[in-house]
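Colleague: Build the full structure now, drawing on both the sequences and the hints.
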Amino acid sequence: MKRWVGISWLTAVYAFLYIPLVTLMVYSFNQARFTTVWKGFTFKWYIRLMGNQQLLDSFFNSLTVALVASVIATVIGTLGAFVVSHYRFAGRKIFFGLIYSVMMSPDIVMGISLLMLFVLMGMETGFMTLLLAHVTFCLPFVMVTVHARIRGFDSMVVDAARDLGAGEFQIFYRIILPMILPAVLAGWLLSFTLSLDDVIISFFVTGPEFEILPLKIYSMVRLGVKPEVNALCSILFLLTLAAVTTAHFLTKEREK
Amino acid sequence: MPVVYLQNVSKTFENHVVIDKLSLDVFKGEFLTLLGPSGCGKTTVLRLIAGLETCDQGVIRIGGKDHTHVPACDRDVNTVFQSYALFPHMTVFDNIAFGLKLKKITPMEIKQRVEETLALVKLSGLGNRRIQQLSGGQQQRVAIARAIVNQPLILLLDEPLSALDYKLRKEMRLELRQLHRKLGITFVFVTHDQEEALTLSDRVVVMNNGCIEQIGPPKEIYEEPVNRFVAEFVGESNLFDAEVVETRGETMEIRVQGVLKAVKNRRGFQAGQKVKVLLRPEDMTVEPCKQDCPSGSFPGRVEEMIYKGTTVELIIRLEDGKQVVILEFFNEDAEDISYDMGEGVCVSWIDGWEVVLPHE
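Just so you know, the sequences run in chain order B and G. The first sequence begins at 1 in the working numbering and counts up one residue at a time. The second sequence begins at 1 in the working numbering and counts up one residue at a time.
Keep in mind that the hints were calculated from the coordinates and are not lab data. Virtual Cβ for every residue (Gly too), placed ideally from N, Cα, C. Please note that a few of the clues may not be correct.
Said to hold, decoys possible - Derived, one-sided and incomplete: chain B residues facing chain G with beta-carbon distance under 8 angstroms:
(1) Asp154
(2) Ala160
(3) Ile175
(4) Met179
Modeller: This is the structure we're talking about:
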């Protein structure tokens, strides 16, 4: 009896979470153009998607920004996490706390403040501003992920390496980096997905010449949800899901 | 010339003095043990020699050269860490080869030296294993191999046996001694286990509160402790308050527990001075009390009798309430040692086996 209550409760929760996504994916295969009535199975929206040059352009723009921003954020974030956990300096804890507050701050606040900054600096909004903004909001996620991993292992390992003749660079390259690699990759994938589907911050900091996919979708939806958008969203969702799952397994692996 | 030479070395962590003007010589090829309670600074001394900490004051010389400001990676010293600190992402072979690879030794020679060292620590054939696949005892051996493969001038061991179970610990003790003899490297060993210190070392350094209390061979530390701390930290001991009554050159008469006893006077005590008399449990004797105790012995009652296999430990309450621990051996004279609880006994000690310490 108790078991059934548990199972149905769980089913309800998962239904609540996944019914909208499943609906979206199912309708991306629907023949009908406007109605929400099922008119038969088709791949045509996916094929039409391939022919939409504007959409493809914005998709490649998104990919470019996500790739570059996540790589930069990963490099800076990893080094940052290493420094915070490896060296003792005044205000280390406050420093790390500030990283969390960036992570928690509302997107709208980040977006507006970054826009203000760029305007004050006289920067033209476009690829560069978008990239800087994405690096900014990805950075804390990398730092937190990598930091957790560094703290998870015996700090004496670093002493041992030094004792055996390794200098600072060799310690990082031969000991720390291989040990934290799963967390670095996880942080990178997380950054990549965050960057790929960000709407709010990007809305403020990108210019008219540089259109990215989430914003393109947003503008398309304002004229009504087209089946192409459903198809596009399904692809995006699966991409994100794959990245997040991989990231999860990479961080999980250390517990073995 | 000492291979390691510390002179007036001090180290402070966050306003807490951990090492206070400590001076120490370590001789070439010896097995030196730093013994002391936790927090006495013994591990810090080790880390100072390794170069993993820098001293605030003083001079450190290794192999005759000033090493006070030489970083750890440039010192001809290797450490076996308490937690082993093995590299989890490498195989056993790569762990051991790590130091050699950094020294740019040819792969051929690295392979040969690693194999030799693996054989030395009895891990032949396990080179391809991952660290996680090894037992605690095997990890310990890898940690030792990783250090000695570099043929350092000095091998530092930071409580390396503390994580092992009793039987394995005794086994490893023996192996460490054999390894020390075979390699001829100077060993500096840190432990809080007095039995380990006594059985392993050529010399023992007893430390307390960042200072050295006594340095000497194990026998001297045990039989001739210089003060109460050393006496009580190393081995079990009974301490009696006493007063010097009369001195006669090399001997003197003291009053202890109301009884007059003739003892040696090695430290030039004066009549009227308060002293402490130290007696190890095995140096004391006990006899059933017939009527009165013979002169020079104290009456008491048996409170507890603990059978320990080859020995019996007797806990005796003297008449003034003082508790004494005595160890009796089973031998030809006493095949059966048996006392009733509460039985009256006479307690004394073998003349000349006492140690008289100044009163602190």
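Colleague: Does each hint fit the structure? Answer for all of them.
Modeller: Do the hints match the structure? See the list:
no.	hint	verdict
1	Asp154	holds, 5 angstroms
2	Ala160	holds, 4 angstroms
3	Ile175	holds, 6 angstroms
4	Met179	holds, 5 angstroms
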